[in-house]
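S.K.: Please put together the full structure from these sequences, using the hints given.
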Amino acid sequence: MFYLIIEQALNGLQYGLMLFLLAAGLTLVFGIMDLINLAHGSLYMIGAFLAAAFYQAFQSFFPALLLAIIATALIGAILERVLYRRLQRMSHLSQVLATFALILIANETIKIIFGAQPLMIGMPASLSGPLELVSDELYYPAYRMLIIVVGLAVALGLHLLVNRTRIGMWMRAGASNPEMAAVMGVRIKPLFTFVFALGAALCALAGALLGPLLAVSVGMGESILIPAFEVIVIGGIGSMRGALVGSLLVGMIDTLGRLLLTVGLKLVVDSATAATLGPTLASMMVSVLMVCVLFFRPQGLFPARG
Amino acid sequence: MKSTPSHVRKPETPLLAGLPGPWTAIAVALVLAIYPLIMSSLGEEFYISVGSRVLILALAASALNLALGYGGMISLGHAAFLGAGGYGVAILAKYGVIAAWVAIPAAVGLAAFAALVIGVISLRTRGVYFIMITLAFAQLFYYLAVSLPEFGGDDGLPLSSRSAIPGLSLESDLAFYYFVLFTAGLAFVLLYRLVASRFGRALVAIRENERRMAAIGYPVFRLKLMAFVLSGGLAGLAGALLANLSLGVTPHTLTWHQSGLLMVMVIIGGSGYFWGGITGAAIFLLLEETISTQTEHWNLILGVLLLFIVLVAPNGVMSLRERIIAARRPPSPAHAKAASEENAR
Amino acid sequence: MSHTILQVENLVKRFGGLMATDHCNLEVRAGEIHALIGPNGAGKTTLLAQLCGELAPDSGRILFEGRDITRLPIHKRVGAGIVRSFQITTLLPKLTVRENLALAVQARTGHSFDFLGTVADESDLDEGAEDAARRVGLIDVMEQIVSTLSHGKQRALELGMALACKPRLLLLDEPMAGTDPEESKRMGELIHSLRDEHTLILVEHDMDAVFRLADRVSVLVAGAVIATDTPEQIRNNPQVISAYLGDDESAGPEAVQ
Ligand SMILES: Nc1ncnc2c1ncn2[C@@H]1O[C@H](COP(=O)(O)OP(=O)(O)O)[C@@H](O)[C@H]1O
Ligand SMILES: [Mg+2]
Numbered sequence: 001m002f003y004l005i006i007e008q009a010l011n012g013l014q015y016g017l018m019l020f021l022l023a024a025g026l027t028l029v030f031g032i033m034d035l036i037n038l039a040h041g042s043l044y045m046i047g048a049f050l051a052a053a054f055y056q057a058f059q060s061f062f063p064a065l066l067l068a069i070i071a072t073a074l075i076g077a078i079l080e081r082v083l084y085r086r087l088q089r090m091s092h093l094s095q096v097l098a099t100f101a102l103i104l105i106a107n108e109t110i111k112i113i114f115g116a117q118p119l120m121i122g123m124p125a126s127l128s129g130p131l132e133l134v135s136d137e138l139y140y141p142a143y144r145m146l147i148i149v150v151g152l153a154v155a156l157g158l159h160l161l162v163n164r165t166r167i168g169m170w171m172r173a174g175a176s177n178p179e180m181a182a183v184m185g186v187r188i189k190p191l192f193t194f195v196f197a198l199g200a201a202l203c204a205l206a207g208a209l210l211g212p213l214l215a216v217s218v219g220m221g222e223s224i225l226i227p228a229f230e231v232i233v234i235g236g237i238g239s240m241r242g243a244l245v246g247s248l249l250v251g252m253i254d255t256l257g258r259l260l261l262t263v264g265l266k267l268v269v270d271s272a273t274a275a276t277l278g279p280t281l282a283s284m285m286v287s288v289l290m291v292c293v294l295f296f297r298p299q300g301l302f303p304a305r306g
Numbered sequence: 001m002k003s004t005p006s007h008v009r010k011p012e013t014p015l016l017a018g019l020p021g022p023w024t025a026i027a028v029a030l031v032l033a034i035y036p037l038i039m040s041s042l043g044e045e046f047y048i049s050v051g052s053r054v055l056i057l058a059l060a061a062s063a064l065n066l067a068l069g070y071g072g073m074i075s076l077g078h079a080a081f082l083g084a085g086g087y088g089v090a091i092l093a094k095y096g097v098i099a100a101w102v103a104i105p106a107a108v109g110l111a112a113f114a115a116l117v118i119g120v121i122s123l124r125t126r127g128v129y130f131i132m133i134t135l136a137f138a139q140l141f142y143y144l145a146v147s148l149p150e151f152g153g154d155d156g157l158p159l160s161s162r163s164a165i166p167g168l169s170l171e172s173d174l175a176f177y178y179f180v181l182f183t184a185g186l187a188f189v190l191l192y193r194l195v196a197s198r199f200g201r202a203l204v205a206i207r208e209n210e211r212r213m214a215a216i217g218y219p220v221f222r223l224k225l226m227a228f229v230l231s232g233g234l235a236g237l238a239g240a241l242l243a244n245l246s247l248g249v250t251p252h253t254l255t256w257h258q259s260g261l262l263m264v265m266v267i268i269g270g271s272g273y274f275w276g277g278i279t280g281a282a283i284f285l286l287l288e289e290t291i292s293t294q295t296e297h298w299n300l301i302l303g304v305l306l307l308f309i310v311l312v313a314p315n316g317v318m319s320l321r322e323r324i325i326a327a328r329r330p331p332s333p334a335h336a337k338a339a340s341e342e343n344a345r
Numbered sequence: 001m002s003h004t005i006l007q008v009e010n011l012v013k014r015f016g017g018l019m020a021t022d023h024c025n026l027e028v029r030a031g032e033i034h035a036l037i038g039p040n041g042a043g044k045t046t047l048l049a050q051l052c053g054e055l056a057p058d059s060g061r062i063l064f065e066g067r068d069i070t071r072l073p074i075h076k077r078v079g080a081g082i083v084r085s086f087q088i089t090t091l092l093p094k095l096t097v098r099e100n101l102a103l104a105v106q107a108r109t110g111h112s113f114d115f116l117g118t119v120a121d122e123s124d125l126d127e128g129a130e131d132a133a134r135r136v137g138l139i140d141v142m143e144q145i146v147s148t149l150s151h152g153k154q155r156a157l158e159l160g161m162a163l164a165c166k167p168r169l170l171l172l173d174e175p176m177a178g179t180d181p182e183e184s185k186r187m188g189e190l191i192h193s194l195r196d197e198h199t200l201i202l203v204e205h206d207m208d209a210v211f212r213l214a215d216r217v218s219v220l221v222a223g224a225v226i227a228t229d230t231p232e233q234i235r236n237n238p239q240v241i242s243a244y245l246g247d248d249e250s251a252g253p254e255a256v257q
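Residue numbers (this note's numbering), protein chains in the order written: chain R, 1 to 306; chain B, 1 to 345; chain F, 1 to 257.
Among the clues, some could well be false.
Claimed, not checked - With the Cβ distance kept under 10 Å, some of the chain B side facing chain R (calculated, not the full set):
id, residue
1, Val97
2, Arg126
3, Ile131
4, Ile133
5, Tyr143
6, Leu148
7, Glu210
8, His257
9, Gly260
10, Val264
11, Ser271
12, Ile301
13, Leu305
14, Leu306
15, Phe308
16, Ile309
Bear in mind the hints are in silico, worked out from the structure with no lab data behind them. Beta carbons are placed, not taken as given, at the ideal position from N, Cα and C, and that holds for glycine.
M.R.: Take a look at the structure:
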């Protein structure tokens with residue numbers, strides 16, 4: 001049982017870090033541009049599909065990953081230039097509708113290009129085995145470990161970018177005080193494009209990394225969008241630290257909560273019911289957590305403003 | 001009206017925008033009443049139930065329009081109320097309660113109660129947070145419906161027969177159409193009275209400037225909550241009718257995609273206009289009906305259309321009339337002055 | 001001497017580390033025009049916001065007619081007779097002057113939860129709206145959309161909205177802000193004409209207007225009232241002069257703006 005919990009905790013960490021990749025971009029766009037982007041999940045889907053396509057072309061994981069990231073970042077930058085820049089000046093309602101429209105367009109376009117069947121990305125052969133963490137007791141898939149390592153590295157990289165560079169300084173200024181940032185004038189537009197492209201790249205990274213674990217399918221964007229939104233609301237919109245803590249919290253609740261609730265429920269109800277109820281309750285707990293945060297600490301756990 | 005000469009035309013302001021005249025309403029009612037007769041004489045029985053569907057979604061969209069268009073509350077969770085109404089009817093039916101006069105009011109009550117709970121918490125938040133929290137609540141309902149075996153899980157709950165009215169069977173599409181027309185008609189009359197009443201004006205004014213309305217003594221929170229609950233209740237009525245139409249309810253009704261579609265209907269028609277929800281739902285369903293027979297990529301076309309509307313005609317179809325009128329009329333001196341002042345700043 | 005209508009006791013409001021209201025004490029007598037002056041950022045607007053209920057104080061009490069209203073929501077305070085106007089014009093810009101004022105009357109006469117009542121009979125709202133419009137000189141522009149009015153007329157409507165609520169205690173936040181000298185003069189006369197029916201708290205930067213209109217003046221510095229007295233006494237109060245009105249050089253009252 002103890003090692004099962006450790007393993008689930010690692011899974012939670014892995015899921016949380018992938019959520020973080022999405023939430024980081026989302027929270028920056030939200031915080032700096034004051035823009036609701038429902039289509040953020042679509043970039044994740046597009047990234048995963050591109051990775052799958054490149055993988056089929058080259059039969060090699062890492063080049064496919066890299067190409068997918070670059071291509072998605074480009075798509076993000078173009079979208080920012082032609083669409084989001086205009087949306088930024090419009091009402092939240094318009095933003096919701098336009099990005100909802102983007103989801104419909106993205107899903108359908110992907111369907112037209114790739115068909116309705118899910119695609120697979122093969123994982124690199126060298127990482128397909130398990131890793132022995134505690135001899136004979138705890139094995140953990142090497143590929144999942146890679147995801148954790150990459151996630152942590154990206155988190156560190158983003159931390160350095162935001163706190164140690166000039167671009168990061170602008171980003172922080174933008175998130176904490178959009179008007180002030182606007183006064184900085186000329187620099188703000190390229191900054192938006194950069195932030196958007198960065199967000200798209202992180203989406204693609206998450207999509208491609210998860211490709212070998214999940215099926216790459218139409219609609220995968222919507223299912224991860226809700227948790228990503230919950231993460232940034234919990235963490236505090238615009239706050240990178242909030243996004244990280246929120247992601248890990250949500251990842252842990254979802255994964256560990258699922259296990260513990262299922263086990264706990266088995267003591268009360270029959271095991272079939274517990275098996276369906278546990279995961280749902282865990283998902284609901286995340287929503288409940290978000291509602292509570294909004295109610296008691298509307299600015300989130302780590303507010304970027306004020 | 002003592003001090004204003006009657007020949008001075010009142011300018012159309014948001015308080016009066018888009019309220020229908022009685023003749024329009026009567027004409028629409030007449031057309032809707034003879035519609036199924038025409039369809040059955042043409043032998044197109046299928047379009048009778050399409051008509052029911054349009055009416056029901058028109059009601060759902062109008063319910064959302066009350067909160068979104070009139071009250072300015074951008075709810076991305078109205079699917080929850082649609083679902084509450086549907087599940088309300090289906091669960092009661094599962095326990096043998098099929099009498100319409102019990103089941104439908106109970107379903108509406110359930111949806112209104114859900115709206116009360118969600119509203120009390122959500123209306124304390126602003127802007128994007130309101131959007132997110134309504135979305136999260138709807139998502140909670142979705143998880144609940146999917147997980148509880150009591151609610152049929154992924155498959156949802158079937159309805160073995162439609163709600164029953166003594167002396168009248170609703171099993172035929174024609175009878176059900178008239179039942180829907182009657183019920184939705186009542187709801188539309190109620191909605192009209194709501195938005196034309198002092199309550200409706202206060203609501204629109206709160207949308208325009210909440211702070212000002214609070215400062216002159218309106219209990220803003222309670223008024224918005226009331227509108228939200230009424231909106232939720234009416235959406236619940238639509239949900240109850242929808243479950244009756246499709247003889248069952250699935251968790252799909254509760255997805256945020258569904259909330260988004262309702263919002264799309266309101267926007268196509270024109271948010272904050274009385275006919276907005278109705279026009280929007282009708283246009284949406286007719287487009288869907290015609291386009292999806294031609295191509296399987298209806299969603300692509302919808303997406304492009306929606307993007308176009310947001311970027312080019314953000315106030316929807318109902319606002320086109322005003323735009324045309326405004327374009328024909330030379331700008332009044334007062335407007336010209338305001339514009340020049342605006343430029344001077 | 002008339003009775004105390006409003007009593008503020010040890011009011012405190014913090015914004016993060018900043019004490020915007022710092023153990024503020026204030027006493028306003030029924031029927032007086034009580035001016036509230038102080039440098040920018042002294043916390044005048046913040047104090048008014050707490051008096052009308054828009055902001056909740058962190059501690060302290062507000063008594064209106066001897067009754068503790070510290071926790072009363074805004075609309076109940078309006079019902080009790082405390083109404084404010086805004087320093088930054090806050091109106092319903094897309095509506096007509098008549099509709100703006102009628103909404104204020106409607107708030108007072110109730111029926112806002114009357115969903116089904118027809119609104120055909122508007123005579124009560126119209127009467128109230130026209131009364132208020134006449135008071136502030138807007139009767140000729142009743143059917144105009146507010147956003148098309150001049151700034152001075154919008155300031156007048158700002159006051160008209162408050163008057164339409166039939167207040168007993170009016171809180172005016174810089175009613176002359178941004179008006180030209182002519183409009184400013186008219187606003188001064190208007191305020192003067194209100195003294196018979198209302199008690200007023202007047203926040204104003206125009207010292208001439210303040211010393212002309214006010215019965216008593218309170219000086220707010222850094223969130224606390226440092227002196228309350230007649231205009232003459234305030235003008236000569238050494239503490240006030242050093243803290244606010246300034247010694248000789250630049251810091252005359254005009255410089256504060
Ligand atoms: N909502 C707020 N959040 C943080 N600080 C505020 C807020 N409102 C006012 N302040 C600060 O409180 C102080 C008093 O402001 P204010 O009441 O507007 O002063 P005055 O009206 O006397 O010019 C100022 O320093 C201002 O920056
Ligand atoms: Mg001020």
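S.K.: Among all the numbered hints in the text so far, which are the ones the structure does not match?
M.R.: 1 and 7
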